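So the chains spell out like this:
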Amino acid sequence: MSTIAPKFRLSRFVASLMNLILWILVLFTLIGLPLVFIVLFYIELPEINGELLTPYLALTWIADPSRTLPIIKSLLQTDFFRIAAFPGFGFAALLAAATIYIERKFLAKMQLRVGPLYCGKVEGILQLMSDGLKLISKEIIIPAKADKPIFWAAPLLFVGTAAALVSLIPVAPGWVVADVDVGLLAVFAVIGFFPIITVLSSWASNSKFPFIGGIRALHQMISFEIPLILSLLGIVILTGTLNLTEIVESQQHYWWIIFMPIGAIVFFITLLAELERIPFDLPEAESEIVAGWLTEFSGMMYGLVQLGSYVKLYAFAALFTILFLGGWSGPMVWPPFPQEIITEGITMGPITMKIPGLPLLDQEMLNATLWFVIKTVGVIMVILLPRGVFPRIRIDLLLHTGWYKLIGLAFVNIFIALALLYAGVLGPGGLIQ
Amino acid sequence: MTTQLPPGMQLERVDERIMTLNVGPQHPGSGHMRLIIKVDGDYIVSCDPDPGYVHRGEEKMAEYRNYIQNIPHLERPVIHDSCNILYPYCLAVEELLGIEVPERAKYIRVIASELNRCVYTLYWLSIYGIFLGHSTMFMWPMGDRELLIDLLEALSGARVTHAYFVPGGVRNDTPSNFEERCLRQVNYFEKRLKEYEDIFYQNPVLKQRTEGTGILSRMDAIRLGTTGSVLRSAGVDFDIRKKEPYDVYENLDFQSQVLKEGDSYARSRVPYLDMLESCRIIKDALKKMPKSGSVRTKLKPNPKGGNDEAYRRVESGRGALGMYVVSDNKIEPYRVKISVGSFRNMICMPYLLKGEKLGNMPAVYWSLNYWPVEADR
Amino acid sequence: MTSKKKTNAEPSETVEEKSHPVTEESKPEVAKKEESTLVPEPTFEKSIASRIVSKFGTKTVIGFIKPNRIRINTKKEDILDVASYMRDELNFDHAESVSGVDYPESKEIEVVYHLGSYSDPQLAKQILTLATRLPREDVPNPGKDSTRMPSLRDIFYSVEFHERECFEMLGVYFDGHPDNRRLLLPEDWADIPPLRKDFRVKGR
Amino acid sequence: MSTVAGIIRALNSGVKHLAVKRFTLRYPEQKLKFVGDGFQFDPQTGVGIAGQKGRHILFHDKCTGCQLCAIACEGIAEAIAMVKVNNTWKHNKKAIMPQIDYGKCVFCGLCVDACPFYALYMTNDYELSSFTKEALIYTPSQLAVKPKVAQDVEIKIDDRGATHG
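Residue numbers (this note's numbering), protein chains in the order written: chain A, 26 to 458; chain B, 14 to 390; chain C, 4 to 207; chain D, 55 to 219.
Simulated from the structure, these hints should not be mistaken for laboratory data. In this text, all values refer to a predicted model and were calculated from it rather than measured experimentally. Don't be surprised by glycine CBs; every beta carbon is placed ideally from N, CA and C. Wrong hints could be hidden among the right ones.
Stated by the list, open to error - Here chain B is said to cover these stretches of chain A; the calculated rule only asks that three of the stretch's residues, wherever they fall, bring their Cβ under 8 Å from a Cβ of chain B: (1) 130-136; (2) 293-307; (3) 406-418.
Unchecked claim - Only part of the chain C face toward chain B is listed, based on derived beta-carbon distances under 10 Å: (4) Tyr121; (5) Ser122; (6) His165; (7) Met172.
This is chain A alone, in the form it adopts within the complex (with noise of 0.2 Å):
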C-alpha cells in the first residue's frame, strides 16, 4: 500500500472530492444551463407526427425510442447542421484534408519518391494528423514590430472567406447552405476577398519578403480576376440565371463543357492562378522570397491558412463541377432502401425490431452527393497534376498571359454563346432543352 500511495490522507481525499464536485456545478452552472436554453428555445424544433416538439418533449425520446429518427431528421434541416457539418464547413474540412495526404502521395508517385511513410504505419495515413498536432503545438511567434490585431485576424478572415466560398456551393438538390438567388455573383464578390487578406497579412507583418509576396499576390489575383468573371458569363448568357442551383439544373441532359470547352479552359487556368498553384506559384516563390505572404505565420496561424487555402482548392473545384461538369447530375447508381425493413423491421431471431421513419436521406440525394464528390475529386486531381510538371513562371510573362491570352479567349468563348444563343440552339426557348 505504501508504495502506491505514500502518504494517504483521509482529510486530503475528501478535499478533492468537494473540490470536483464544486467545479462540475461551477461549469455546469454557467456554461452548461445557457447552451441548453438556447438550444431549445432559439433554435426552432420541428412538428412530429403532428404535435410540435416543445423543449419539454424534446427530452422525452429518451423514453420513447421511435421518436429518434424523425428528431435527428429534423436536425438534419437546421441551419445549424447545415453550416457546420453537411455541406457546409464540415464537409469541405473533410475533403480538404484528404486533398493535402492525396496531393502529397500523389506528387510523391508522380516522382518516383515514396512520401509520407511512417505516420500511422500503413503508408502514413496519420501524417495529417501528426502535421496538425504539430503546428496546434508550434509557439505563434509574432514579430516585434507587427501590426498585431491585423496579423491574427488574417489568418482567421482567410479561414473565414473560404468558407463563406463553401457555403454558397450546392452539393445534392436542396442540400446548400445559402441558396442565394445571385449565387455566381456572391462567388465573385467573396474571391474579391482573397487579395485583401493577403496583402492585409503581409503588410501586418512588417518584413521584406512578406510585403513582396503580398504585392505579387496583389498583382497575379487583380489580373487574373477579369478572365475569370468573363469566362464564366458565357454560362449566364445561355443559362439566364445566376443561381447556382438552377445552373445544375439546366445541365440535366448535357454539360456546359461540351458546348463552351474554352470557357473551361480558361476558368481552369485563372483557378490555378486563384490557388497560387505551381505554375503560377509567385507569391510564395521559394527560391526568390523564402515563403512569400507565408513567411511570418507560425504554428497554428501557418496551420489555419493551409486549411484555408486547401478549403478554398475544394471550393474552386466544387464551382468547376457545378458549372462545367453538371454539379450532381448523373446516372441513377445508388441501390434503393430496401422496402421490407420499413415495412416488417429488422428479423433478428425471434425479435422484429421496426424503426419508424426510416429512410433517413432519400435515394436521390445520396445519388447526387456521389456523383459531385465524384466530379469534384477528378477536378481536384487535375489541379494537382500541374504542381509535378511544370516550374514556375517569371512575373511579367504571369501578366503577360493573364492581360493578354486569357481575356481575348475569354471573349471568344462569349461570342461562342452568343452564337448559340442568337442560332436559337440554346438558351431559353432554344431547340435543345
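Go by the hints and put chains B, C and D onto chain A.
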C-alpha cells in the same frame, strides 16, 4: 569628418533609384557565394560576383603533401566530380615522373570519369530545376544519380569522395561482375535520360523562362575565355576530349555537343547532351577495354618530381580543368595551380546579368555551370 | 622490396624532414634548363617558338618546347607587346589561367600565363606558357612595393579575375587593372599574401 | 500551338510516371549490398581489391607496429595514432598498434595501401555515429572486431522501372 575604415571596407553612397541587393552567401537562389546586384526597378544595373566564402587554400596545403597524399586532398574542391579533378593532376604527375599507365587502367579511368561527369551534371541539373521551381526536375535526376553512384561505389568503394585515380593508374581493379552490371544500369539510365526531354526541355513554361535570357555571343565567349558547356553552347566547338585527347579518348567514337543560341536554354541543354554522349562513351569503352592486365604501375616509394613543370587539362563537368604542377626535385610539389572551369566562367556573370530582369537571375546564374566551392578552391 | 606508398626505410627521417619542408637547397633557375636531347624537338611547336624569337630577338627566351607545350620567358617591360603579338599574329585568343609562383631564394616571383586558342584548329592542342619574373620584397606591401607588372587584362579579357586572385595571393600589383580589389580572401585579411613561401601554415 | 502541344506532352509524361516503380531506398529497413566485404590491398602486386571503404579492421596477429599507416595518414587527416597495447606479440616488440579517430578520418584507404603486412583492411560497416567525439576514437582492440552487417538489398531493374529490391 571621415571615419577611418578598416582595411578593405568601402563606404558606398546610397542612391535613391538604385537598390543594392545581396544575393548573398545564404540565399536559396545562389550557391555559397555572393552576387552584389544593383537593381533599378526590375532590371539589374550591375552585378559584382564576390566569391571566397568557401576558400580553403587548397593550393597552399597541396605544397605540404607528397604526390600520393595529395590525392584525397585535391579532390575536395568538387567532391562529386572527384575523378575529373584528379585526372589532370594524375596526368601532370605522370608526365613529371615519366610513368607509363597500363592500357586497362586508361579504359577504367575513362569509364570512371564519364560516370562521374554524369553524376555531377545530374546534381547540377536538379539544382537548376529547383531554382526554376520545377520540383519534379529536382527529384528525377537525384534519383537517377543513385544508379551511377552505385556503380562508382562498386568501383572505388566510396559513394562520392572516391580518391580512385592515382599517378600510375587506378587504385584497384574492377569488381567481378562490374561490366555486366555497368552495362545494365547505364542502359536503363540512358532510357531515363530520354524522359527528361518531355517534362523539362520541351516544357513551354521552362522555355519561356530560359530562352533568350543571358545571351552570350560566340565572339564574347572566346574573348572572355569561357569553357565547357558555356563555350560550346555559344557555338565554339572546343571539347578537350576531342581537341587534345588524353589517355584513350582518340580511339573512342563520340561527338562533342555544340549549340549556337548561347542563351541559358542552350547552356542548360549542352550538359544534358553531354550526358547522353557519356553513356555512348562508357558503352564503347566497356567493349574495347582489355579484359585483363595490370591496372597500375608501381611507384617507387617517395617519388621526386625533378626540376620540371607540367600543365595538363581535362574536360570536366564544368569545362577545361587544368593542373599546373611545378616540382623542384622534392617529395612534395613546389606549386600546384588548379585552373577550374567555374572560375573561368565566373567572368561572364557581370557581362550577362547587366540589363537582365531580376526574375531571370537564377536561370542565368546557375546555367553558367558554376560550382562555388570549386571556384574558391 | 615491396612498394609502399608513403614509406621509406627510415620513417624517422621523413618525419624530421617533414617539419621544415622549405630546405635551403636553392632552386635552379628554370629558364636556363635546356631541352632534354634524347626526344627530338617537335617541329610544329619549334616553328611557332622560332617565329616569336625571330620577332622579338633577345627580349624573349624559349623556356622549353615539349609536345603541345611551349614556354616563353620575357621581361616584365615588354610582356605587353609580346602578348598582343601572340594574340594578333599567332591568334592565341584567350588565357586559360594566370598562376604566380614564389621563388624566395632568387628573390623573384614568377607570373605564368597559359594561353590557348579556340579559333585556330591547328593550335587547339597547343598551350603557350608566357612567364615573366618580378622582383620580390621580403616585407610585402601589396600595391605599393616594387613587385608590379603591366596588366594583360586589355589584351586577354579573361584574366581579370585571375589577376585579382594573383594580386591578393602573392602581392603582385597589376598596373592598369580596372579594379585591383581583393577577390577570395576576407576583407579584413591583414596577414602577408598567403601563397608566399614564408607564410607558414600552422601545425606544419 | 506548340505551347499547347508542349503542355499536353508534359502532362502526359507526368501521368505516365505514375506507373513507374518508386526508387527510394527505405534506409533503416533496407541496406545496400556492397562488393566483397571491404577494401583490401595486396602490397605484392601494388593493386587494391575492390571493396567498400567503411570502418577499418586490424589483424593483431599481422600488425608489427611499423607506423607506416600513421605516417601515410599524417599528410591527410592525422587520424591514426600509435598507442600501447597490453598483450605483446613476437613480431610487435614495441607493442604499439594504430588507433583510428573517426572524427578525423576521411575513409580514403591510403593507410590500407601503405600497410606492407596485410594487417589493416576496411570493412562494409559505415554506421559509426556516436554521442561524443571521444567515442569516435576506435582503440586497436575495437578495430580487431569484425562487424556483422545485414546489407542485402540491390538495385533491380525491370520494365516497370528501377527499384531497390
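Cross-check of the supplied hints:
With 3 residues carrying a beta carbon less than 8 Å from a beta carbon of chain B, the segment 130-136 of chain A meets the three-residue requirement, and the given coverage holds. Evaluation of the coverage hint for the segment 293-307 of chain A: fulfilled, as 3 residues show C-beta separations to chain B shorter than 8 Å, against a requirement of three. Counting residues of the segment 406-418 of chain A whose beta carbon lies closer than 8 Å to any beta carbon of chain B gives 7, which reaches the threshold of three, so the coverage claim holds. Annotation: Tyr121(C) was flagged as interfacial toward chain B, and the flag holds, the nearest CB pair being 5 Å apart, inside 10 Å.
Here the hint on Ser122(C) is kept, as its CB sits about 6 Å from the closest CB of chain B, short of 10 Å. At its closest, the beta carbon of His165(C) sits 8 Å from a beta carbon of chain B; the interface hint therefore holds under the 10 Å criterion. Given hint, Met172(C) at the interface with chain B, holds; its Cβ is 8 Å from that chain's nearest Cβ, closer than 10 Å.
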